[in-house]
Amino acid sequence: MSKVRVEGLTRFKAYEILGPLGVVFVISIGVGLISASLQLAVQFALCNLVMVLALQAFVGNSGVLSFGHASFAMIGAWVSGMSTASERVKGNALALEKLWEPLITWNLNLYTSIFLAMIAGGVVAAIAGAFLMRLNGLAAGIATFAVLGLFYNFFFNNTKIGPGSQALPAVPKFDGVYEPLLLAMIAMILVYGLNVSSIGRKLRATREDLMSAPALGISTQKVRWIAFTLSGTLAGLSGAMYVHVAGTWQVQDYYLVFTFLTLAMLIIGGSASMWGAVAGTLVVTAVGQVLLLWEQGKSILGLRIDLPNGARSMLIAATLVGMLLWRSSGLTQGKEFDPRRKRN
Amino acid sequence: MAQDSFMASEINKSFGALSVLMGVSLSIKPGETLGLLGPNGAGKTTFINIVAGYEKQDSGTISINGVNLDGMKPDARARAGVARTFQSGRLFAQLTVAENIALGALGLGASHNEAQERAKNTIDVLGLNSLATAPAATLSHGNARLVGLARAVAAEPKYLIMDEPAAGLNESEVPKLLNALKVIKDRLGCGMFLVEHNVGLVAKACDRVIVLATGILIFDGAPKDALNDAQVKNAYLGDAAFGEMI
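From first to last, the protein sequence lines are chains A and B. Each residue of the first sequence is one higher than the last, beginning at 1 in my numbering. Each residue of the second sequence is one higher than the last, beginning at 1001 in my numbering.
In isolation and in its complexed conformation, chain A is listed as follows:
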């Protein structure tokens, strides 16, 4: 018999990663050069992209919904923001008057702080995952939401380690789109690498059949934990990027709106593939930008539609419901980028 083809198991195809990398690169540079406001939009979109990739790595491959990833971003952002914010501001800002002394003098360079943010996100995810990955279905989703609530309340009410409900100002910002773009592209490569790895395949086996995967020697808890830790690391990166785009750290930025928006991007794009994460982020961001301008009473290419405030969020929510009802596998139908695929 000729060679048996088993590409569906662990399938590395260069175009599946190069295509999305190219799309993200071209759009980021192209749009980012148009204006300062669009450059900022691109920067935020790249932060969201990394978060959506983090969610895809775990949620998409395991089928277990996580509401808790924003907490890893929250921690990553806090580490990177607190360690790079101006010492003078940390020592004098009214919102930080109770800040623990060592945090005031804590000072790292930008890239060290981002690396540390990733480690922090990964370590917290690893610890949380050691307990949470024993759960399945609704229980797992609710437990991850509890983790988010735990960290939100910890930061919101603790003024010794941060500004509490206020903002930490004077965090250094990225200069242009190149830095967040490079970080997002690294995240894309990491997530694609997981998806085509043996671990990724085993994780999808647990998603597809929770009974038969263990019969093949696959430890559901172990493969989920590995993916959860990696995705926590990427969520930490996303948070670190976000804080260096916004220039401030505020706990509210990493709570329900952020959780909902990034999950919506993943589901709309298609949770089962890295390309789905990219497509969902691009589409929701682009549509969101258009709607935002109409909410603000501006015209786009001569077209102006007056929308009430909140229309953007409502439309994203309605799109999410529509996708779940009629195209639950998302825009990409769970497939990776393939330039040869026929359009449906």
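Hints are all accurate, no fakes.
Pulled from the structure, derived: some chain B residues nowhere near chain A, Cβ distances all over 12 angstroms:
#  : residue
1  : Leu1018
2  : Pro1039
3  : Lys1056
4  : Gly1060
5  : Ser1063
6  : Asn1068
7  : Asp1070
8  : Ser1172
9  : Asp1186
10 : Gly1189
11 : Gly1200
Straight-line distance between alpha carbons at most 30 angstroms, and here's what the computed BS3-like set of lysine-lysine pairs gives:
#  : chain 1 : residue 1 : chain 2 : residue 2
12 : A       : Lys222    : B       : Lys1073
13 : B       : Lys1158   : B       : Lys1056
14 : A       : Lys222    : B       : Lys1056
15 : B       : Lys1029   : B       : Lys1185
16 : B       : Lys1158   : A       : Lys222
Read the hints as simulated data drawn from the structure, not as lab findings. Bear in mind that the values here come from a model prediction, so they are computed numbers and not experimental data. The C-beta atom is built at its ideal place from N, Cα and C for all residues, glycine as well.
Position chain B relative to chain A; hints supplied.
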């Protein structure tokens, strides 16, 4: 009893007030095919779920080659050398037949190339070449079971547990299954535990047969003796019906 065997000793299991297994003990030697017969509700599926780690026994021990499996989860038991099949096949619908079989090896730590090689060999040995590239979702019931068996075989287990592999097969598919079992035994040499309703298949495929009735082991011996055992006939289906199934 020799160390190099699969052993279940004094297995007891109850669901509430209902005793499903009462002091069931058995052993399987390497290369031996043991059949487990019993009417519906005899405790067969509960027993193999306990053996494979999907349910816990109330008391008793399971061991393989002297290593105690109690407390091990299904994946750990699979890595210890116990593979199982499911009544419904439980294939990964999005994968092809070859990929499903390769995953049987990949799950236990084989490299991609090794898994591919094992899939190829298993497909060759079990005569599944015509199905290799077919999506698992498109398979007939009988072929899905055969592929489920092939997936377990690709793991190269020490002991293979099969949960009613002939259930729902048509008359032309049963000989195919019987042939597959013979090939697996010859090539792999693993101990096999065949839980089945099809008395004829068990009689032809097995070296030894045990019979469960209402959670109690009532027979352990050669297939031909089981077919003539009055207690088995009485507990199983009654003389006439039992005879017709052979």
